[in-house]
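Using the sequences and the hints, build the whole thing.
Residues per chain are reported as follows:
2 protein chains.
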Amino acid sequence: MKTQFKAITGSVVAPQGFMASGVFCDIKKLGTGKGSNKGQKRDLALIVSETPATVAGMFTTNQVCAAPVKVCVERVQKSQARVVVVNSGNANACTGKQGMADAREMVSFTERALNFPAGSALVGSTGRIGVTLPMDNVRAGIIEAAVELGATQVHADNAVEAIMTSDTRPKQVAIEFKLGGKTVRIGGMCKGAGMIQPGMSATGARPAALPHGGLHATMLGFITTDAAIDRKVLQQAMQQAVAQSFNRITVDGDMSTNDTVLVLANGLAGNRKFGTKCPEFKVFQAALKHVCLDLAKQIVRDGEGVHRVVTVRVKGAKTVQDADAAARAVANSALVKTSWHGGDPNWGRIIDAVGYSAAKVVEEKIDIGYSALNGKKILWSLKRGQPTKVTFQQLCAAVVPKEFELHINLNLGQADAVMYAADLTEEYVDFNKGDVADPSSLGG
Amino acid sequence: MKTQFKAITGSVVAPQGFMASGVFCDIKKLGTGKGSNKGQKRDLALIVSETPATVAGMFTTNQVCAAPVKVCVERVQKSQARVVVVNSGNANACTGKQGMADAREMVSFTERALNFPAGSALVGSTGRIGVTLPMDNVRAGIIEAAVELGATQVHADNAVEAIMTSDTRPKQVAIEFKLGGKTVRIGGMCKGAGMIQPGMSATGARPAALPHGGLHATMLGFITTDAAIDRKVLQQAMQQAVAQSFNRITVDGDMSTNDTVLVLANGLAGNRKFGTKCPEFKVFQAALKHVCLDLAKQIVRDGEGVHRVVTVRVKGAKTVQDADAAARAVANSALVKTSWHGGDPNWGRIIDAVGYSAAKVVEEKIDIGYSALNGKKILWSLKRGQPTKVTFQQLCAAVVPKEFELHINLNLGQADAVMYAADLTEEYVDFNKGDVADPSSLGG
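Quick mapping for you: the protein sequence lines, in order, are chains A and B.
For any residue, its number in the numbering used here is found by taking its place in the first sequence, counting from 1, and adding 1.
For any residue, its number in the numbering used here is found by taking its place in the second sequence, counting from 1, and adding 1.
Don't take each hint at face value.
Which copy? The list can't say, so a pair holds if one copy fits it or any two copies do.
Claimed, not checked - Calculated lysine to any residue pairs in the SDA-like style (CA-CA distance at most 20 angstroms, straight line): (1) 366 to 99; (2) 434 to 405; (3) 434 to 406; (4) 434 to 308; (5) 384 to 99; (6) 71 to 387; (7) 298 to 373; (8) 361 to 105; (9) 179 to 279; (10) 71 to 416; (11) 390 to 99; (12) 233 to 417; (13) 283 to 80; (14) 283 to 182.
Just so you know, these hints were derived from the structure itself, not from any lab.
Have a look at this one:
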């Protein structure tokens with residue numbers, strides 16, 4: 002279905018009726034001067050819809066959850082939205098009552114600055130944990146960002162720069178496709194590089210079905226579309242899309258306090274609304290998944306210190322939970338991740354991780370193999386628990402590329418799961434040793 | 002109770018009636034010559050009791066489990082033992098039917114070499130995964146080791162050298178104490194440095210009570226005692242001791258296919274046997290735990306690339322499972338472990354890990370603090386989810402020592418748990434990138 006989605010420019014302002022901006026307001030209070038941008042990255046963004054938009058969201062299931070997440074969880078469930086205000090440099094997490102007051106002030110100040118009705122703003126934060134926001138700077142930033150709003154690629158670029166923390170690259174995408182005869186667009190931007198193994202749900206509450214291992218970044222994702230769609234339908238499309246994308250990635254296995262994905266749909270494409278049983282739903286859901294998966298993979302590729310990205314495909318599990326548990330155990334094993342870094346096709350560590358995972362497995366049934374990214378030909382290193390005749394040199398060649406796929410067949414059932422995983426490198430460790438001159442230097 | 006255990010020399014040959022040996026028989030087939038030891042470490046050990054000994058064992062709960070583990074699980078449940086034969090260089094894991102035949106040949110050949118009855122030998126292996134044992138070398142090694150048996154410290158030193166893989170130091174201990182008026186001794190040796198988060202049970206089967214996260218080393222431990230004790234009583238003392246020691250450590254969160262702890266009790270101390278309700282049981286159990294915990298901590302301190310060892314103490318959990326889950330989430334978080342390496346008292350990462358753990362937690366109730374090793378004074382960085390007035394400099398000073406304690410109080414209940422954890426360093430990554438000239442170079 003991929004081919005029907007045409008890649009376009011414009012990121013979050015590609016869909017009709019959206020504007021964005023990104024400014025520097027010195028949220029880290031580095032003292033480089035209010036409103037100035039002397040070598041500092043922008044740190045406050047606005048994404049605005051000209052008309053009221055239907056919203057849906059997915060939020061971290063971490064029980065320690067930041068104030069902006071709490072505010073969004075309340076708001077997405079009851080109303081439409083016009084604007085999202087996002088800052089980097091401070092996560093507004095573990096900031097107690099003052100943090101909640103500040104998050105509420107961010108949305109209400111944004112609403113007043115844009116002359117929008119109460120309840121029409123959403124908020125996201127990423128950065129240090131445990132430090133309260135410098136609200137004077139935030140308010141000045143919101144006013145400046147409101148003035149700078151626009152719908153060009155430069156506006157989108159400024160907005161995405163403003164949400165980056167340890168990211169080395171901006172992460173954006175936009176597509177165009179036909180829906181019921183109308184041209185619909187979806188745009189998106191996101192941030193995230195470390196503390197990445199999102200496990201998001203619609204309310205931030207843990208669904209019983211989610212495996213323990215699956216409850217683990219700060220990642221923030223903001224998606225815009227001009228599709229006309231009802232909230233419940235949008236939420237369902239979003240849940241499926243996030244389950245198949247952001248919730249399938251891991252850099253370091255750590256789930257953040259701030260993970261948030263929001264989608265705003267303003268209906269300006271003029272398509273006829275559709276239910277979840279309509280053929281249009283399938284198309285829209287696939288398009289939304291396409292955007293989310295593209296963004297999710299950009300996060301893994303830009304993960305802290307990451308050299309290699311491995312798609313871990315588990316099939317033949319008895320249950321989806323088993324498939325997920327086996328894939329996550331492999332994707333998060335320190336020994337497997339270091340062997341990927343070393344270009345070592347070490348199946349011993351892989352079968353070891355599969356064996357200690359919560360998945361039911363039988364050693365004598367396990368197949369392990371490699372393919373090129375999206376490749377059809379699998380080079381099997383292990384069949385039914387036993388090494389094959391494939392030479393070690395062949396296996397080494399299979400794990401040289403910057404991206405490859407690892408295939409594990411448990412041969413016990415019909416369930417499968419995929420994880421998009423990063424290797425573990427010296428650079429990751431060096432980066433995250435922390436800047437001890439800076440308390441809680443890296444956070445949610 | 003610690004003070005009543007007197008540290009003595011002798012390791013596994015400290016108790017009456019035990020002998021040991023360690024030889025080089027070129028199990029990696031490096032071709033340095035059969036029986037020679039030209040710069041190569043010894044790779045085959047025997048531990049022998051002069052008289053039949055009661056045995057108990059604990060084994061990896063990894064579903065992918067090595068042939069020697071399978072042989073031991075069968076044997077410890079029905080009989081006494083006289084000898085343990087152990088090799089390094091080859092884990093005899095994922096070796097199929099040939100591996101099982103080789104493990105059985107190792108025990109039966111050892112029995113014949115020592116003129117012991119069938120069923121009186123146990124076996125352990127550690128090293129490469131997926132390569133069959135060079136049985137000619139193994140047989141030659143067993144014969145040589147049988148000739149070299151003796152009861153001096155040198156004999157014990159040779160035996161412990163023969164079970165080392167990535168270990169940089171031998172790990173041994175022995176104690177002496179009074180039991181019912183008699184002098185009893187317990188000696189022990191072990192190996193392990195990476196693939197370390199043991200989760201062992203008596204049968205290798207997973208007890209329902211063990212948390213998923215807890216099912217994760219190759220570590221091998223061999224304990225000898227001259228106490229007189231019945232098998233069931235010994236097994237119960239062993240289960241408690243392992244639950245409080247080897248099953249509480251993590252280097253990298255990976256559980257091996259070969260984890261094994263065996264204890265042999267030959268009764269030569271002449272104490273009166275005791276039941277689990279007798280006061281002597283408490284003393285014996287405490288002594289066995291003392292030996293196991295000493296060995297377990299030696300493993301963490303010698304963990305691959307480890308700079309710092311942190312005792313993670315969680316209290317105030319609703320259930321023991323919750324306490325365990327929170328402690329393991331923190332102890333295995335890549336972000337927390339790298340911050341320990343960096344000397345960064347980053348409570349944001351700690352509360353983040355507690356929040357995504359399977360434990361029930363409430364952000365506003367969480368306390369986080371530091372103390373010196375075994376120190377009573379706790380420096381709190383967080384109280385009830387909020388930063389305290391303790392300065393960042395004070396906190397930094399608390400995490401400078403090579404060993405310190407991290408205290409987490411969930412303030413929800415009465416259950417507690419402890420984990421002995423390692424930091425994550427560039428050296429760990431560099432070491433485990435793997436030697437791509439050597440298939441499955443590091444294994445079980």
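Each hint tested on the structure:
1. 366 to 99: Between copies, since 17 angstroms is at most 20 angstroms while 55 angstroms is not.
2. 434 to 405: between (28 angstroms within a copy, 17 angstroms between copies)
3. 434 to 406: between (30 angstroms within a copy, 18 angstroms between copies)
4. 434 to 308: both (18 angstroms within a copy, 12 angstroms between copies)
5. 384 to 99: Answer is between; shortest inter-copy Cα gap is 16 angstroms, intra-copy 58 angstroms.
6. 71 to 387: Answer is between; shortest inter-copy Cα gap is 17 angstroms, intra-copy 50 angstroms.
7. 298 to 373: within (16 angstroms within a copy, 43 angstroms between copies)
8. 361 to 105: Neither. Shortest intra-copy (46 angstroms) and inter-copy (27 angstroms) distances fail the 20 angstroms Cα cut-off.
9. 179 to 279: within (15 angstroms within a copy, 79 angstroms between copies)
10. 71 to 416: neither (34 angstroms within a copy, 29 angstroms between copies)
11. 390 to 99: So residue 390 and residue 99 pass the 20 angstroms test across copies only (17 angstroms; inside, 63 angstroms).
12. 233 to 417: Close neither inside one copy (27 angstroms) nor across copies (43 angstroms); limit 20 angstroms.
13. 283 to 80: So residue 283 and residue 80 fail the 20 angstroms test inside a copy (24 angstroms) and across (63 angstroms) alike.
14. 283 to 182: Answer is within: at 15 angstroms inside a copy they meet the 20 angstroms cutoff, but 79 angstroms across does not.
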